[in-house]
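Just so you know, UniProt numbering puts 18 at position 18 of the sequence shown, and the rest follows in order with no gaps.
Incorrect hints may appear among the rest.
[What the hints assert, rightly or not] Simulated DEER-style distance windows between Cβ atoms: (1) A103 to S74: 20 to 28 Å; (2) R29 to P77: 48 to 56 Å; (3) L70 to S31: 37 to 45 Å; (4) A32 to D80: 53 to 61 Å; (5) V106 to L67: 18 to 26 Å; (6) S118 to I83: 45 to 53 Å.
[Stated by the list, open to error] Straight-line C-alpha distance at most 20 Å; calculated SDA-like pairs for lysine to any residue: (7) K119 to R29; (8) K119 to E51; (9) K119 to D37; (10) K119 to S48; (11) K119 to Q24; (12) K119 to H40; (13) K119 to A44; (14) K119 to G63; (15) K119 to L67; (16) K119 to S42; (17) K119 to Q62; (18) K119 to L25; (19) K119 to T35; (20) K119 to T45; (21) K119 to L30; (22) K119 to S41; (23) K119 to L64; (24) K119 to R47; (25) K119 to T107; (26) K119 to S31.
No lab work stands behind these hints: they were computed from the structure. Cβ atoms here follow ideal geometry from the backbone N, Cα and C, with glycine treated the same way.
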Amino acid sequence: MRRPSDPETPRTAPLRPIRQMLDQLSRLRLSADGTIDVSHSSPATLRSLAEDAETTLSTIHQGLGALGHLLAHSAVPIEDGTIGADSLESLGFLMAEMGDLAAVCVTVAAQCRRAAASKA
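Use the sequences and the hints to build the structure in full.
Structure (structure tokens):
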């Protein structure tokens with residue numbers, strides 16, 4: 001799997017870190033307490049999963065910051081009703097869910113990095 005930092009990866013290549021992370025997570029075993037069972041995963045798989053989680057986290061943080069900027073500059077259209085309150089409400093729920101996903105990405109990345117380092 002190519003990474004954005006690989007010299008052969010063109011800048012126009014689409015990166016799908018969330019899709020790749022979910023795909024990799026679906027292939028891993030879970031322990032009895034519902035956490036990732038890292039004992040059955042290779043260090044390479046764990047590092048790859050950690051990289052996807054970290055890329056996803058970065059994308060979410062940058063995107064939420066951009067949305068916050070846009071919201072700050074759209075106060076007047078929201079106030080005068082040009083942009084409906086229901087749109088703002090939906091955007092708020094989306095932003096909350098993205099924040100939760102970012103928190104999960106931190107946990108997954110840390111667990112995978114720790115496990116990969118201990119196997120090396």
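Hints, one by one, checked against the model:
{"no.": "1", "hint": "A103 to S74: 20 to 28 Å", "verdict": "holds, 27 Å"}
{"no.": "2", "hint": "R29 to P77: 48 to 56 Å", "verdict": "holds, 50 Å"}
{"no.": "3", "hint": "L70 to S31: 37 to 45 Å", "verdict": "holds, 41 Å"}
{"no.": "4", "hint": "A32 to D80: 53 to 61 Å", "verdict": "holds, 56 Å"}
{"no.": "5", "hint": "V106 to L67: 18 to 26 Å", "verdict": "holds, 20 Å"}
{"no.": "6", "hint": "S118 to I83: 45 to 53 Å", "verdict": "holds, 50 Å"}
{"no.": "7", "hint": "K119 to R29", "verdict": "holds, 17 Å"}
{"no.": "8", "hint": "K119 to E51", "verdict": "holds, 17 Å"}
{"no.": "9", "hint": "K119 to D37", "verdict": "holds, 13 Å"}
{"no.": "10", "hint": "K119 to S48", "verdict": "holds, 14 Å"}
{"no.": "11", "hint": "K119 to Q24", "verdict": "holds, 19 Å"}
{"no.": "12", "hint": "K119 to H40", "verdict": "holds, 11 Å"}
{"no.": "13", "hint": "K119 to A44", "verdict": "holds, 10 Å"}
{"no.": "14", "hint": "K119 to G63", "verdict": "violated, 34 Å"}
{"no.": "15", "hint": "K119 to L67", "verdict": "violated, 40 Å"}
{"no.": "16", "hint": "K119 to S42", "verdict": "holds, 8 Å"}
{"no.": "17", "hint": "K119 to Q62", "verdict": "violated, 32 Å"}
{"no.": "18", "hint": "K119 to L25", "verdict": "holds, 19 Å"}
{"no.": "19", "hint": "K119 to T35", "verdict": "holds, 18 Å"}
{"no.": "20", "hint": "K119 to T45", "verdict": "holds, 12 Å"}
{"no.": "21", "hint": "K119 to L30", "verdict": "holds, 18 Å"}
{"no.": "22", "hint": "K119 to S41", "verdict": "holds, 10 Å"}
{"no.": "23", "hint": "K119 to L64", "verdict": "violated, 35 Å"}
{"no.": "24", "hint": "K119 to R47", "verdict": "holds, 11 Å"}
{"no.": "25", "hint": "K119 to T107", "verdict": "holds, 18 Å"}
{"no.": "26", "hint": "K119 to S31", "verdict": "holds, 18 Å"}
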